[in-house]
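Please arrange chain B on chain A, whose structure you already have, making use of the hints.
Number of protein chains: 2
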Amino acid sequence: MEEYLARIGPADEAAMAVATQRQQLLTKPAGSLGVLEDLSIRVAGMTGAVVPSPAVVTVFAADHGVHAQGVSPWPQEVTAAMLANFAGGGAAVNAFATNNRVDVRVVDVGVASDVDELDIVHAKVRPGTRDLSVGPALTADEVHAAITVGFELADKLVLDGYRCLLTGDMGIANTTASAALIATFTGATADQVTGRGTGIDDATLAHKTSVVEAALVLHEVPATDPLKALAAYGGLEHAALTGYILGAAANRIPVILDGVIAGAAALVAQALHPSSIDYCVAGHRSAEPGHAVALKALGLQPLVDLDLRLGEGTGAVLAYPILTCAVRALAEMATFESAGITAA
Amino acid sequence: MEEYLARIGPADEAAMAVATQRQQLLTKPAGSLGVLEDLSIRVAGMTGAVVPSPAVVTVFAADHGVHAQGVSPWPQEVTAAMLANFAGGGAAVNAFATNNRVDVRVVDVGVASDVDELDIVHAKVRPGTRDLSVGPALTADEVHAAITVGFELADKLVLDGYRCLLTGDMGIANTTASAALIATFTGATADQVTGRGTGIDDATLAHKTSVVEAALVLHEVPATDPLKALAAYGGLEHAALTGYILGAAANRIPVILDGVIAGAAALVAQALHPSSIDYCVAGHRSAEPGHAVALKALGLQPLVDLDLRLGEGTGAVLAYPILTCAVRALAEMATFESAGITAA
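In the order they appear, the protein sequences are chains A and B. Counting along the first sequence from 1, when you hit position 168 you're at 1488 in the numbering used here, and nothing is skipped either side. Counting along the second sequence from 1, when you hit position 245 you're at 1565 in the numbering used here, and nothing is skipped either side.
In isolation and in its complexed conformation, chain A is listed as follows (with noise of 0.2 Å):
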């Protein structure tokens, strides 16, 4: 862990000056292309102003010891047979990454059944965490294991040639440990933080708020203890994705978070290396409560804002061209000297 954390610094400041002093001069009004000036600003601190291309969406997959509880209505099932889905090309977050040029990875990171006939990355750490609700979902040693596959999966990625990592994630009741690491980071009560997830009624809702609630009281990690909480509340994907993020800034890459569960993977890596989060990107706000409270502590603005809920990653994936486009107005206007027009 110290190993991996020691490899990651900053954003360039000098990088992001001459990129603020260059969005001066392009054959634009000051300002007129709103966030994604400063969001071209932001990747020209991570990586300079180049377009960060090609790209990848890893799909972490695990499964969750609080579903025993109630908290979803699809069965525990679902998460493999979306694997096999998301193999078979005919999930959403396939039909996004090839209308976007994303490349989709998916791994098992600690899906409950067996799925290894699957073309997927196998890195199972174990068949799903323990129930949350009765005690810690991992051990050390298992949160441990999850942050090194998404870690090294980055590195892998990066040295494959990929220059831009977005997350992606299935999990069914991922949301309730993503509301639980969430309340631990900002200090937000259960019922700010749970939300309906795929879609629950009104008494599930209720039912998942008092498990989440219960579970804080249980487990009382403390904010500056994010691999205890990790342990506590799960899950393996959190945790992989918590690793990914850190190797997206030790190779200082962007990383453009998804959802919800990113989000509380981003507060976790946030808690071990505030600095990561100079290398996320808020692909969108998710529909799921959490998530706007999530995106507050971690300052992150999100690009896309259409009530997606669905995980995969798709909120990435369909804020990846903004991202781009961004970048490559930077790196491809005429100034208005190279233009030869004067300015207002």
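Hints are computed from structural coordinates only; laboratory data are not their basis. One or more of the hints may lead you astray.
Facing chain B, from chain A, some residues (calculated, C-beta under 8 Å) [said to hold, decoys possible]:
id, residue
1, 1356
2, 1644
3, 1661
Counterexamples of contact, computed for chain B against chain A with all Cβ distances above 12 Å [unchecked claim]:
id, residue
4, 1459
5, 1472
6, 1475
7, 1509
Yeah, the Cβ is synthetic: ideal placement off N, Cα and C, and Gly gets one too.
This is chain B only, laid out in the frame that chain A set:
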């Protein structure tokens, strides 16, 4: 004109019903793609569940006599200079279009100066409008000629194989004409729809607002006379965009609207034939206050909301991959049945 309007019919409700049904069968929780599900259903009503590709953004450029009233800090010559910049590939819309695989067409429909040497579409109706603050900006014949430019270009682009049309515009002072048009069709006051355009100070904004207010009193055009409104206020690019939107609708092709200029033109199109708006997608919401007023009257929800206020078609091009992602998900995703997954 009648001939154009006769070719426009409403969206295909049967195709929309089929798309609505199919959205329920796809491998995702119902509704979890949020706004993108509605968008895919709307496009199905235009063209069926076919990804609207290839796409082209057409930048209609023209000048404005009201520029003489000091409503913009930019010299009128910037319109022609930016046309050269578009032709040379150095503008923001070029960078975005390259990034998102959208072709760019540039049309001189009324630039004040001579741009004959540029490799663009030459369809100048007249060199800029007359000053709307002292009399009608255009004659009825000029309005008709500019609408024809837009409509016939839409026809030609569809013949050339394009399946999605995007609006772009360039014209120093064109937010002034837009404000007058939006006030005419929505009943909003001048101060509700007049904004800072490319970026003006408080004093210039107050002056610009008073110019719009006085023009509304001078011309007194009722919302029921859209052609008279175009004659009163211009601009030539607004009239051409009106024709382009009507042409997209006549060809049952989606047209992605950029910002406040396109919003004003779409209000004219709506007044001429309400069904034309069935084919309009709001690319983004610009920072210009009149744009939100126009979108509300059009009943359109913007896909991107990132404080852009540049024009050129940048907001439409930015939104294009969101549109294609939405349609591709509907067209290509597996159903629960085909993927062998039991729904919740």
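For a quick check of understanding: which of the numbered hints are violated here, in increasing order? none
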